[in-house]
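**Q** Each chain, written out:
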Amino acid sequence: MTLPHPALFTALLRIADDRLVLGHRTSEWCGHAPILEEDIALANIALDLIGQANLVLQHAGAVEGAGRNEDTLAFFRDAVEFRNALLCELPRGDFGVTIVRHFLHGLYSVLQWDALTRSTDQTLAGIAAKALKESRYHVRHAGEWVIRLGDGTEESHRRAQEAVDALWPYTGELFMQPADEADLMAAGFTADVSQLEAPWRAQVDDVLRRATLMAPADVWMQRGGRDGRHTEHLGHLLAEMQIVARSHPGAQW
Amino acid sequence: MSTTERSWPLWEVFTQGKDGEPHQHAGSVHATDAEHALQNARDVYARRNEAVNLWVVPSAAITASTPEDMGPFFDPANDKAYRHPQFYKVPKGVKVF
Numbered sequence: 234m235t236l237p238h239p240a241l242f243t244a245l246l247r248i249a250d251d252r253l254v255l256g257h258r259t260s261e262w263c264g265h266a267p268i269l270e271e272d273i274a275l276a277n278i279a280l281d282l283i284g285q286a287n288l289v290l291q292h293a294g295a296v297e298g299a300g301r302n303e304d305t306l307a308f309f310r311d312a313v314e315f316r317n318a319l320l321c322e323l324p325r326g327d328f329g330v331t332i333v334r335h336f337l338h339g340l341y342s343v344l345q346w347d348a349l350t351r352s353t354d355q356t357l358a359g360i361a362a363k364a365l366k367e368s369r370y371h372v373r374h375a376g377e378w379v380i381r382l383g384d385g386t387e388e389s390h391r392r393a394q395e396a397v398d399a400l401w402p403y404t405g406e407l408f409m410q411p412a413d414e415a416d417l418m419a420a421g422f423t424a425d426v427s428q429l430e431a432p433w434r435a436q437v438d439d440v441l442r443r444a445t446l447m448a449p450a451d452v453w454m455q456r457g458g459r460d461g462r463h464t465e466h467l468g469h470l471l472a473e474m475q476i477v478a479r480s481h482p483g484a485q486w
Numbered sequence: 243m244s245t246t247e248r249s250w251p252l253w254e255v256f257t258q259g260k261d262g263e264p265h266q267h268a269g270s271v272h273a274t275d276a277e278h279a280l281q282n283a284r285d286v287y288a289r290r291n292e293a294v295n296l297w298v299v300p301s302a303a304i305t306a307s308t309p310e311d312m313g314p315f316f317d318p319a320n321d322k323a324y325r326h327p328q329f330y331k332v333p334k335g336v337k338v339f
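If you read the protein sequences in the order shown, they are chains D and E.
Under the working numbering, think of the first position of the first sequence as 234, with each following residue one higher.
Under the working numbering, think of the first position of the second sequence as 243, with each following residue one higher.
These aren't lab readings, by the way, just hints derived from the structure by calculation.
The C-beta atom is built at its ideal place from N, Cα and C for all residues, glycine as well.
One thing to keep in mind: the hints can contain errors.
[Unchecked claim] Partner residues aside, some chain D positions facing chain E, computed with beta carbon under 7 Å: (1) Asp272; (2) Ile273; (3) Ala274; (4) Gln355; (5) His374.
[Stated by the list, open to error] Simulated crosslink set (DSS-like; lysine-lysine; CA at most 30 Å straight-line): (6) E:Lys260 with E:Lys337; (7) E:Lys322 with E:Lys337; (8) E:Lys260 with E:Lys334; (9) D:Lys366 with E:Lys260; (10) E:Lys322 with E:Lys334; (11) E:Lys260 with D:Lys363.
Chain E on its own, in the form it takes in the complex (with noise of 0.2 Å):
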């Protein structure tokens, strides 16, 4: 750590509720380096037996849209219903879909 940058990288905490389950967004850390990230992501958001499994990510890694990007990107969809497959009849007994 140099003497002018006195805080330590972000790092993105990614949490896993239950075998088999995605890893879910838990929000972020501050560590010196991946090792670190780990323990304090266990101790900020998986304390209290949240989580079978953790990842952390360095915040640099991750490549986001921005708030411009937001017609571009997502408005092509609201006018185009046969995109989704709403017309469709869902077989009884499907609860989760």
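Extracted from the complex, chain D is given alone in its bound form (with noise of 0.2 Å):
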């Protein structure tokens, strides 16, 4: 059978993507978080995200068959190019903010990659269920997190409740199903995202419940990250992530 190219290479960079541009965001933690513990477990998460990312662009260069590797996908590709949710490249925040959209973030990627474990593309759904595990990890503990802060301290609360309104607006997109993988989806190589929608707001509300937070009532969703239409923020982010590769391609260590 032969894959369909141009839809499932695009499609394999929104999964990836995500992780990418996650992952580098959650690492900028490294050295800052609150404590020591709490520093190895977010640069932990960082990284496997980020090896979710390279397993993922790695299937996608193969797939597109044009000599790209993960590494030219991550460190060559300018944002316009990139197709994670806008979601995963806003500015790092608070501890709140990390917390809040890894518990988000992390929700909709058990589903996701979960969904993708039956992919009929054998690749994609190894990858999937090796990530499913480390995705389990990473609701869990960001899920534990959000509970102490939304029932911790005034400020805690305060603070989560600021990082759910703030985020929220931006879920919408997750669940959004690109038009252009409509044929993926028939041929079973993707997962429908839209149908991820009602499992991920039920337990989204029962950890917010125990946390005694509030998802804020109907809000216009953001969206334009899956078709490379992004924030201000990733630009920034990408120069960072990418400037050490640009200045000196090729290199090796």
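Take each chain as given, in its own frame, and dock them per the hints.
**A** Here's what the structure looks like:
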């Protein structure tokens, strides 16, 4: 069976870029987290996410067949060529924003990887099975924190609620099924992300309730990342992430 | 957490390397409660596949002997050779005991 290359390549970028960009954002905490244990936990999550991106980009490069590997795709694409959801590129914010974002995206990630373990693309299914375990742990880590911050002190509750309010308008994009993936979905290559929203919302509501936090009522949902239209924040992130690779192309260590 | 006491309680971490092996002391972590301690222990001591099981114990729950106890606790063993089963011949083939 021949792969529908152009659509599959873009679909794989959407999966990989979420993890690459969020992973790099998370790595910004290295050396700055509130305590040593949390510093290690966040660095660990960042490495997991970048590892997931690495595998999917490797596969994307092979699918594209144009000689680009995972490094070329990570370090030599510009912002308009990235396909991550806007949620992943927002600044890291305070610890509350970091944790709430990991929770909101982590839950989506678990549901998406779980669906992708049944992909007819065997390589993608294999990557999903490995990544699913990691993402389950990320949700456990973030979820426990959301409950502690929300149901903690007055300040931690206020900051956690502010984080939920600020990030919420960026969650809708996760569940907007890109039109160009219709054929892929029909062939069982990718998951229908619009189907993931109901289970995601149920689990989010359960944790927010235990954390004494509130999801905002209907708000306008931001979109654009899946088609390469990004916030100003992505360019700055990429500048930092790509500068070494671009200054010394082909360098080895 | 009170505002005056800013550090979290300490927990001792024990890791089990393989099924059936005894848990061994790996170190300690700070955490707000047991579940949080397990997570921190996983990240600090078991993130490189070092363990199949973890125990965390509040450090405050451990009663330890003190350096002053060293004499009364351990010295009496030194002059009673008959406490040590070193006069027995070990059968051939026994390599670990």
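**Q** Indicate, hint by hint, whether the structure satisfies it.
**A** These are the hints, each one checked on the structure:
1. Asp272: violated, 9 Å
2. Ile273: holds, 5 Å
3. Ala274: At 4 Å from the nearest chain E Cβ, D:Ala274 passes the 7 Å test, so the hint holds.
4. Gln355: violated, 25 Å
5. His374: holds, 6 Å
6. E:Lys260 with E:Lys337: The hint holds at about 21 Å.
7. E:Lys322 with E:Lys337: Answer holds: E:Lys322 to E:Lys337 is near 26 Å, not above 30 Å.
8. E:Lys260 with E:Lys334: holds, 29 Å
9. D:Lys366 with E:Lys260: holds, 20 Å
10. E:Lys322 with E:Lys334: holds, 27 Å
11. E:Lys260 with D:Lys363: The given pair, whose Cα atoms are some 21 Å apart, holds under the 30 Å limit.
Hint check: violations occur at hints 1 and 4; the rest are consistent with the structure.
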